[in-house]
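Chemist: Sequence:
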Amino acid sequence: MQQTVTRTPLAIFITGLFFSALNVSHAAQVPAGVKLAPQQTIVVNNGSEVASLDPHKVEGNPESNIILNLLEGLVSTDANGHVVPAVAERWDNEGFKVWTFHLRNTAIWSDGSPVTADDFVYSWRRLADPNTASPYASYLQYAKIANADAILSGKKPPQTLGVKALDAHTLQVTLSEPVPYLVSMLTHTSMKPVKQSVVEKFGDKWTLPQHYVGNGAYRLKQWVVNERIVLARSSSYWNNAATVIEKATFLPIASEVSDVNRYRSGEIDISNSAIPPTLFGKMKREIPEQLHVNPYLCTFYYEINNQKAPFTDPRVREAVKLTLDRDIIANKNYGPGADPGLRLYADLY
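Residues -27 to -1, 1 to 322 in mature numbering (1 follows the signal peptide of the UniProt record, and there is no 0) are what the sequence shown lists, from first letter to last.
Read the hints as simulated data drawn from the structure, not as lab findings. In this text, all values refer to a predicted model and were calculated from it rather than measured experimentally. The reader is advised that the hints may include incorrect statements.
[Stated by the list, open to error] Once the Cα atoms are required to be at most 30 Å apart in a straight line, the calculated DSSO-like pairs of lysine-lysine come out as: (1) K30 to K194; (2) K194 to K220; (3) K174 to K137; (4) K70 to K137; (5) K174 to K128; (6) K194 to K178; (7) K8 to K257; (8) K129 to K174.
[As the list claims (entries may be wrong)] Now the in silico label distances, taken between C-beta atoms and shown as ranges: (9) K305 to S21: 24 to 30 Å; (10) N306 to Q169: 43 to 49 Å; (11) Q114 to V57: 21 to 27 Å; (12) V56 to D312: 24 to 30 Å; (13) K220 to F175: 48 to 54 Å; (14) G6 to V56: 27 to 33 Å; (15) D286 to T251: 36 to 42 Å; (16) I277 to D140: 52 to 58 Å; (17) P283 to N304: 40 to 46 Å.
Glycine included, every Cβ here is placed at the ideal spot set by N, Cα and C.
Could you build the full structure based on these sequences and the hints that come with them?
Modeler: So this is what it looks like as structure tokens:
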């Protein structure tokens, strides 16, 4: 489970921003009869300092939480986890192998230039390019995009990737085999577009606030390393009229105890998802209306080096396996919500 705490008056603030437990980077849907606070600002604990804000060079949740507010891909997900149109307003396919995405002509970058199909062609080629050294380059292989395998192994150039701009607002994606779930895969952080001219002009420094050009609902206003990241509402976002929050501040509070204490003192409005098991019961009793629990699919396991004695002996490994009490590990070590596992992949239902 993911456990996060949110102050009741701020529940209306969740739309328009993405948090690890609140996937709501789309436009706000304010419930009827809800009165908005005079100042639409929010402070969130992001858990740790981000390594980068380049979607092709990150792999952690803290980075994704920020990037999904700054950059928007072809599709997004709503508050219920359903795929919804984003830069692409519609799409069609031929046998799930050749996909065509029709981009909205109202999508623009924060510098005022239009978001085009060529932006996605450049970005996905950059993701595949071995010179980028993206930790998620293999994601293109999982999506079965044509020639991804050969490009990642250096046998073909990035220009041969199965993605093509038919015109400024039409993107064609060709796969090596049918993938019915391709659209769902396009919500991933690594599939977000970057502005070619900005990346090429500033290199690795393109992610600094003074250089960052995005196409999301928010702009990068300030980044003080190990202190805070501040996002401001972007007036150039195509659906800005439906955005509610004006400013969001993300803090890198790593300590779980400090996270909870600073939340309860009113310093932050949404805690990080990792609430200490020792505090979960107490908070559930004292502030149940502010505690939100969300399903989280993740597998934790022990690895044993079977190249060193005594674990070179399969009988020893079997004995260790038989002595482990999965119930104690799940319920005592990890706390509420963890289930003992008998295989690598957990049950989805």
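Chemist: Range first: 27 to 33 Å. Now tell me if the beta carbons of G6 and V56 are that far apart.
Modeler: holds (29 Å)
Chemist: CB of N306 to CB of Q169, is that within 43 to 49 Å?
Modeler: holds (47 Å)
Chemist: Given the hint that K194 pairs with K178, test it: the Cα-Cα distance must not exceed 30 Å.
Modeler: holds (15 Å)
Chemist: Mind checking the alpha carbons of K194 and K220 for me, to see if they're no more than 30 Å apart?
Modeler: Holds: K194 and K220 sit about 9 Å apart, inside 30 Å.
Chemist: Does the beta carbon distance between I277 and D140 stay inside 52 to 58 Å, or does it fall outside?
Modeler: holds (55 Å)
Chemist: CB of V56 to CB of D312, is that within 24 to 30 Å?
Modeler: Given about 27 Å between the Cβ atoms, the range holds.
Chemist: Does the Cβ distance between D286 and T251 fall inside 36 to 42 Å?
Modeler: At roughly 38 Å between Cβ atoms, T251 and D286 fall inside 36 to 42 Å, so the hint holds.
Chemist: Assess, step by step, whether the Cα of K129 is no farther than 30 Å from the Cα of K174, and give holds or violated.
Modeler: holds (26 Å)
Chemist: If you draw a straight line from the CA of K8 to the CA of K257, is it 30 Å or shorter?
Modeler: Distance of about 26 Å is within 30 Å: holds.
Chemist: Looking only at beta-carbon atoms, does the pair K305, S21 fall within the given range of 24 to 30 Å?
Modeler: holds (26 Å)
Chemist: Verify the CB-CB distance for P283 and N304 against the hinted window 40 to 46 Å.
Modeler: violated (29 Å)
Chemist: Starting from the hint 21 to 27 Å, judge whether the C-beta atoms of Q114 and V57 obey it.
Modeler: Between Q114 and V57, where Cβ atoms are some 26 Å apart, the hint holds.
Comparing the model with each earlier hint shows violations of hints 13 and 17; every other hint is respected.
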